[in-house]
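**Q** Sequence:
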Amino acid sequence: MKKRDYQCVFLSLLLSVLPFVNFAAADSLLIDENGDGLLFYLAFGDSITYGSGDGTQPGQDVPVAPRTDGTGGYPARLEAWLGIAVRNAARPGEYLTTSGQYRFVSVVQGSAADIVGVMEGVNDTFKRPAASDYELAYQRVVNVTQALGKKPLLITLPQPCCFRKDLAPFARLASGQVRAVSARNGLPYVDVEKAWSTTCANKGECELLCRPDGLHPNSKGYDVIAQTVAAVLMGIDIFASDGAKQLEDALGWEPGTVIVKPASTAG
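For the sequence shown, the positions run 1 to 267 when this note's numbering is used.
Simulated pairs of lysine-lysine, DSSO-like, Cα-Cα distance not exceeding 27 Å:
| hint | residue 1 | residue 2 |
| --- | --- | --- |
| 1 | Lys203 | Lys127 |
| 2 | Lys194 | Lys151 |
| 3 | Lys220 | Lys194 |
| 4 | Lys220 | Lys165 |
| 5 | Lys127 | Lys165 |
| 6 | Lys261 | Lys194 |
| 7 | Lys245 | Lys220 |
| 8 | Lys165 | Lys203 |
| 9 | Lys261 | Lys220 |
| 10 | Lys165 | Lys194 |
Have a look at the derived ranges for each label pair, beta carbon to beta carbon:
| hint | residue 1 | residue 2 | range |
| --- | --- | --- | --- |
| 11 | Ala80 | Gly37 | 15 to 25 Å |
| 12 | Gly256 | Gly59 | 16 to 26 Å |
| 13 | Arg128 | Asp36 | 34 to 44 Å |
| 14 | Pro63 | Gly149 | 35 to 45 Å |
Everything labelled a hint here was simulated from the structure, so no lab data went into it. Backbone N, C-alpha and C define an ideal beta-carbon position, used for all residues, glycine too.
All chains, full assembly: derive it from the sequences and hints.
**A** This is how it looks when you write it as structure tokens:
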């Protein structure tokens with residue numbers, strides 16, 4: 001097949017909105033899908049996946065989250081905790097519903113990843129998108145990932161606050177479409193939005209975010225994101241009453257290390 005033919009195939013996959021349904025999801029997602037002997041997680045997203053704001057602590061005054069160098073955030077924690085290969089393929093400032101979903105094709109096509117985690121869409125909230133905009137973008141991401149023989153893992157968004165509280169309804173809209181698209185395709189997903197709801201002590205001005213920036217997590221927030229992702233990858237329900245203990249036992253952590261609270265504490 002000629003190069004142009006390949007491009008046509010991937011463009012048609014990208015534009016398709018029909019789901020590739022996979023009903024055979026194992027509890028653990030840590031599987032060498034391509035049989036190359038390496039477990040590889042690709043993290044796709046924007047500045048939150050990139051790790052902007054990491055290194056700041058709750059209580060600090062952070063009007064604008066520091067950009068950082070892309071070596072932190074939740075992907076770095078996954079690599080350290082799980083002992084798997086992780087690539088951070090985030091691009092700060094990217095919009096999923098426009099350029100992001102098209103960059104996604106080339107990033108995933110050129111990767112040996114087994115699992116592709118996607119947490120993107122918060123920048124789109126500035127444009128007040130419709131639910132259908134998110135739905136189409138997330139479905140295209142799923143289609144491309146599965147067509148390339150990799151496992152997609154969609155991730156809901158942290159809830160903005162403070163300077164960015166007006167964006168919260170649209171972030172919830174994006175998270176709702178993550179759940180809907182994942183359910184329609186028979187896929188697990190990571191519910192970071194729920195982790196925010198269960199774990200934030202101050203629901204209106206969550207201490208997991210840089211404040212008053214209100215958009216990017218601080219170091220504690222990135223711990224919460226990474227713990228929530230790690231639990232799903234390991235087949236653990238982090239929101240169960242014993243979910244934190246299960247994750248601590250699986251990773252050999254001391255009791256009380258996991259920050260994420262069970263569903264019973266959700267606000």
